[in-house]
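Colleague: For reference, the chains in residue letters:
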Amino acid sequence: MNEAGRNRTKPGSKGGPTAAIQTASLLPGDYTSIRVPIPPPSAFNKNRPAGCLLQAQLRHFHHAESARLPKEKRDGRRPEDIHTEAEAASYIAAVTKVLHPRGRKKSR
Amino acid sequence: MPPGLDALKHIVVLMMENRSFDHMLGSLKAANPLIDGVDGTQWNPDTQGNPVYVQPLAEFQSQLDPDPDHAFPAVDQQIFNGDQSNPRVASMKGFVQNYFQQQQDLAHSQKIMYYFAQDQLPVLTSLAMNFAVFNRWFASIPGPTLCNRAFAHYGTSFGQVGMSVFYPQGKSIYERLQDAGHTAKLYYFDQQSSSLEVVNLLQHQPQLFATYDQFIADCKSGTLSDYSFIEPNYSDHDNDDGSQLASDQHPDHNVQAGELFIASVYNAIQSNPALWATTALLVVYDEHGGIFDHVPPPACTPDGHSAGPADTQLNYTFNFDRLGVRVPAILISPWIPKGTVVGTNRVFEHASIPNTVTSHFIGPYPAATPREQAAQTFLDLLSLPVMRTDSVVFSS
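Heads up: the sequence lines are chains A and B, in that order. Per my numbering, the very first residue in the first sequence carries number 1; after that it's consecutive. Per my numbering, the very first residue in the second sequence carries number 109; after that it's consecutive.
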């Protein structure tokens, strides 16, 4: 885990579990250090079927996209055609980039 | 005014997903009897009438699959166990029988009673033991995520008891603050996870939003807004930084990943001494996700809306006069006495969030719903005359 709370567990991903969340606090006082376990690599499954929350989020994004964007700017995918968490993330990212372009890390 | 409250410049809320109080923090009753958790005597009948007792056998993942039902009718069964008398008794005895309906598997249905041992959740339990844990923080509605989260943003769900698209008829806490000259921000994890508040806030007021990377940067630079609301990562996916594990703890996402995320939020604040001294962090769950809790939800002040049978999918109209199931909630600040347990005589719910934030930064707000105005505020817990110098630090 790094300080941004990202949990990289899959082989091949950048970085990896690091000690970057350790805090070099400048405050004087007594500190109890607590180690937080890292989830196993097997926890990651982007092909998991999108659950009820993601399905609702997809419907809301589709609603916003339809209400907000002209047809030529819409992503084109329909919520009912999106089945996995990775597919949901891809669609949500595509619409978010239009609704909130400042959310792109490098453009901030 | 207590010095901690006088110093308070920032309120941060991290709202996690779908876990009940007993499931996550119930084990702490053994460590502190004042915490209203479980002791092994709490039970539900299974579909054959046999008692199923709570056990510390919860697992981080793959145990609550399929996702326990937490739509309005399912939660009604979990709370009332089919009682149709008038008035009905909230027995909290319908969890196992309700979960059985999803797989027709007697053994599997018993897992809805499992809870985590204290040492399985070092982040959540150590924060609860070191700061203030609420014995009576309930979801705002006996239903699913989006209507409950609406109470945190608006102090009402505008009559919604489900996951449908809705349009607000009142100002969000973020708009109120900006109108009053204050600053507010919603941080979502990344663009792949984004926000659950898309139809209203992200679509129309994108300037309110930033990513979680920006939260970390704002904590470091000391430029955090007066009020911040953080959304965890809602999915397993890849982004430019690699593979990202969902951190929301929604079943069947990995609970340890959520622990790491909570630690990250806490550390970001705690590692900046000036920010630590002037910030209160609330970690709270939006609803119980269909998982067992033993405390009956109490009645509450109605919010002026009602949901008919078409919305509740039951044969009655819900007048928003009863809270949802109890959820974990922890308030963190160096101005809170170590080991604070907020008593059973004080009831909180998600409308407590906008009421607290509004009261602290703006003052009286007559436009708030009756429900929000009646919701308890929590900043009185910052009661120490001198700031604590002890704390916990998380590392991986």
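Since the hints were derived computationally from the structure, they do not count as laboratory data. Take the hints with a grain of salt, since some may be wrong.
What the hints assert, rightly or not - In silico DSS-like pairs for lysine-lysine, Cα to Cα no more than 27 angstroms straight-line:
| id | chain 1 | residue 1 | chain 2 | residue 2 |
| --- | --- | --- | --- | --- |
| 1 | B | Lys-328 | B | Lys-137 |
| 2 | B | Lys-279 | B | Lys-117 |
| 3 | B | Lys-446 | A | Lys-97 |
| 4 | A | Lys-97 | B | Lys-137 |
| 5 | B | Lys-328 | B | Lys-117 |
| 6 | B | Lys-117 | B | Lys-446 |
Note that the coordinates shown come from a computational prediction; the quantities given were computed from them, not determined experimentally.
Colleague: Now tell me if each hint is right for this structure.
Modeller: Against the structure, the hints come out as follows:
1. B/Lys-328 / B/Lys-137: With Cα atoms ~36 angstroms apart, B/Lys-328 and B/Lys-137 exceed 27 angstroms; violated.
2. B/Lys-279 / B/Lys-117: holds, 22 angstroms
3. B/Lys-446 / A/Lys-97: Status violated; Cα separation ~43 angstroms.
4. A/Lys-97 / B/Lys-137: It is violated: about 46 angstroms lies between the C-alpha atoms, which goes past 27 angstroms.
5. B/Lys-328 / B/Lys-117: holds, 16 angstroms
6. B/Lys-117 / B/Lys-446: holds, 21 angstroms
Checked against the numbered hints given earlier, the structure breaks hints 1, 3, 4 and satisfies all the rest.
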